[in-house]
Amino acid sequence: MIDVWWLLILKVVGIFAFLVLVTLFTIWFERRVVGRMQHRPGPNRVGPFGLLQSLADGLKLAFKEDILPRGVDRWVFVLAPVISTTAAFTGFAVIPFGPEVSIFGEQTSLQLAEVPVGVLVVLAASAMGVYGVVLAGWSSGSTYPLLGGMRSAAQMISYEIGMGLSIVAVFMAASTLSTREIVAAQADGTPYQLLGMDVQLPSWYVLLLFPSFLIFMISIVGETNRAPFDLAEAESELVGGFHTEYSSLKFALFFLAEYVAMVVMSGLAVTMFLGGWHAPWPLSLWGEANTGWWPFLWFTLKVMGFLFMFVWLRGTLPRLRYDQFMHLGWKVLVPASLVWIIAISGIRSAARDEGDRALWLTVLGLVFIAALLGYLWPRRRPVPPATADSGAGGFPVPPLDLVVPPNPRAKRLAATRAGTGPASGSGEGADDEKEV
Amino acid sequence: MSLSPYLPIVGLFALAFAFALFSVAIAPLIGPRRYNKAKLEAYECGIEPTPQPVGGGRFPIKFYLTAMLFIVFDIEIIFLYPWAVAYDALGLFGFVEMVLFIGAVFIAYAYVWKRGGLDWD
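Going line by line, the protein sequences match chains A and B. All residue numbers for the first sequence refer to our numbering, where the first residue is 1 and numbers rise by one. All residue numbers for the second sequence refer to our numbering, where the first residue is 1 and numbers rise by one.
Bear in mind the hints are in silico, worked out from the structure with no lab data behind them. Virtual Cβ for every residue (Gly too), placed ideally from N, Cα, C. Treat the hints with caution; some may be incorrect.
As the list claims (entries may be wrong) - If we take Cβ atoms under 8 Å as the criterion, some of the chain B residues that face chain A in the derived model are:
#, residue
1, P8
2, F17
3, S23
4, Y35
5, I77
6, R115
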């Protein structure tokens with residue numbers, strides 16, 4: 001059902017304003033929390049608790065000089081932040097953040113667009129974001145941005161694989177790609193007979209499909225270029241990475257895009273794994289918790305929880321080395337996702353009372369994959385102990401029991417003391433002079 | 001099926017695009033402009049900038065390999081999504097087929113792994 005035009009415009013502007021406000025809040029929140037984690041107060045001067053700090057920073061950036069360095073590809077350089085920002089915002093269009101409410105007498109649901117392939121829209125939008133980053137790096141005409149942009153492109157597409165595979169289990173459980181129906185599928189617990197009592201099993205997919213959630217969380221941190229996976233802007237190696245040459249509002253747009261992407265990914269995670277806008281358990285006992293505007297509050301709080309996770313990770317973990325990072329993406333997350341998909345589909349097949357055959361097939365598949373993994377598991381080759389003769393790493397090393405021959409002067413001195421040397425006292429003096 | 005449910009997405013896209021374009025357009029107008037030759041050089045921590053090779057120069061082949069592998073797995077994902085949505089309707093047949101398919105891609109994956117296609121050193 002599509003809304004009347006003024007309601008659509010209202011929702012578009014509302015979502016846009018919500019994302020910008022959450023971004024401003026998150027930048028402040030991140031600096032405060034990281035500050036606390038590092039035993040310092042963080043920004044606390046501008047406005048109450050420093051809340052207006054990010055607004056002040058944004059305004060300051062707007063009045064800075066807009067530098068267009070000589071080597072840049074003018075059009076692409078200007079367009080790259082626009083692509084990044086637009087892609088980041090678009091993803092939020094399909095995320096539901098509330099049930100049906102009435103706005104000025106019109107019944108409408110708190111979601112901009114309900115489409116049958118909702119999750120694909122978010123994935124497509126986040127994939128578009130890669131273009132902004134890689135084009136920014138390429139068009140800068142400078143070494144560090146180019147390296148940062150290429151790294152970032154490789155990183156984002158690698159972690160998109162992990163993310164895409166991890167949510168297959170959710171689609172299987174919900175039998176739909178639509179975000180609204182995924183939320184609806186997590187609304188009620190499945191009743192279950194346990195010791196003659198009716199027990200409501202929890203229905204959030206974070207509990208039912210925990211491995212999926214784990215892989216998804218790791219992947220979205222890599223996908224949004226956040227610490228500990230912020231190799232695209234590793235300041236100790238690449239200055240600022242892909243946005244080194246950017247200044248003024250163009251730089252601010254990249255900053256905005258990064259935080260909006262975080263919010264959108266958190267929103268997607270909440271939708272897929274944390275029951276969307278539904279109230280969490282103790283609150284859901286209150287009858288009106290899932291009606292009216294309350295769900296918007298629960299949704300925002302859950303998103304805040306995820307944003308705190310992002311900040312927490314940044315404050316806790318050191319940055320990975322690039323090869324370790326790609327190793328994690330390709331050699332851990334991808335096979336783990338595939339094995340988990342086969343396992344969960346086998347379990348579903350078995351539970352669907354086709355019984356033994358499916359179970360055996362699952363076991364066979366898992367054994368096959370486990371055998372492959374075991375065959376491929378990296379083994380540390382034994383390092384031969386370094387001996388004095390072979391040297392350590394190609395450098396000659398003296399043997400441990402080496403007897404150092406006494407130096408010639410000491411030998412001569414010993415000889416003169418014993419009186420067998422060639423000279424008298426004056427000769428010794430002449431010797432000394434020669435040496436000096 | 002009509003396309004009208006997708007229209008609001010275009011709305012949000014258009015607003016974000018207009019906002020970003022406005023920001024980019026207004027930045028040179030409201031900021032100061034102080035010419036400085038050094039400011040227009042590529043930034044490399046103060047040393048003389050490395051001359052950029054004509055036509056982009058050479059780049060490690062690893063990035064290219066990663067992009068190719070990405071396409072393989074992205075297509076696998078594209079096959080997995082409709083299968084996952086229709087899983088309950090497909091029955092055992094769907095399960096067996098998908099185990100075979102994932103197994104087939106896994107063999108290629110194992111080959112790439114063994115040949116060092118996934119190593120970054």
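Results of checking the hints against the structure:
Look at P8(B): its Cβ gets to within about 4 Å of chain A, closer than 8 Å, so that hint holds up. Of the supplied interface hints, the one on F17(B) holds, with its beta-carbon coming within about 5 Å of a beta-carbon of chain A, less than 8 Å. For S23(B), the shortest C-beta to C-beta distance to chain A is roughly 5 Å, which falls under 8 Å, so the interface hint holds. Below 8 Å, beta-carbon pairs count as interface contacts, and Y35(B) has none with chain A, the closest being about 10 Å; its hint is therefore violated.
For I77(B), the shortest C-beta to C-beta distance to chain A is roughly 4 Å, which falls under 8 Å, so the interface hint holds. The interface hint given for R115(B) is broken, as the beta carbon of that residue sits about 11 Å from the closest beta carbon of chain A, more than 8 Å.
This entry does not satisfy hints 4 and 6, going by the numbered hints stated previously.
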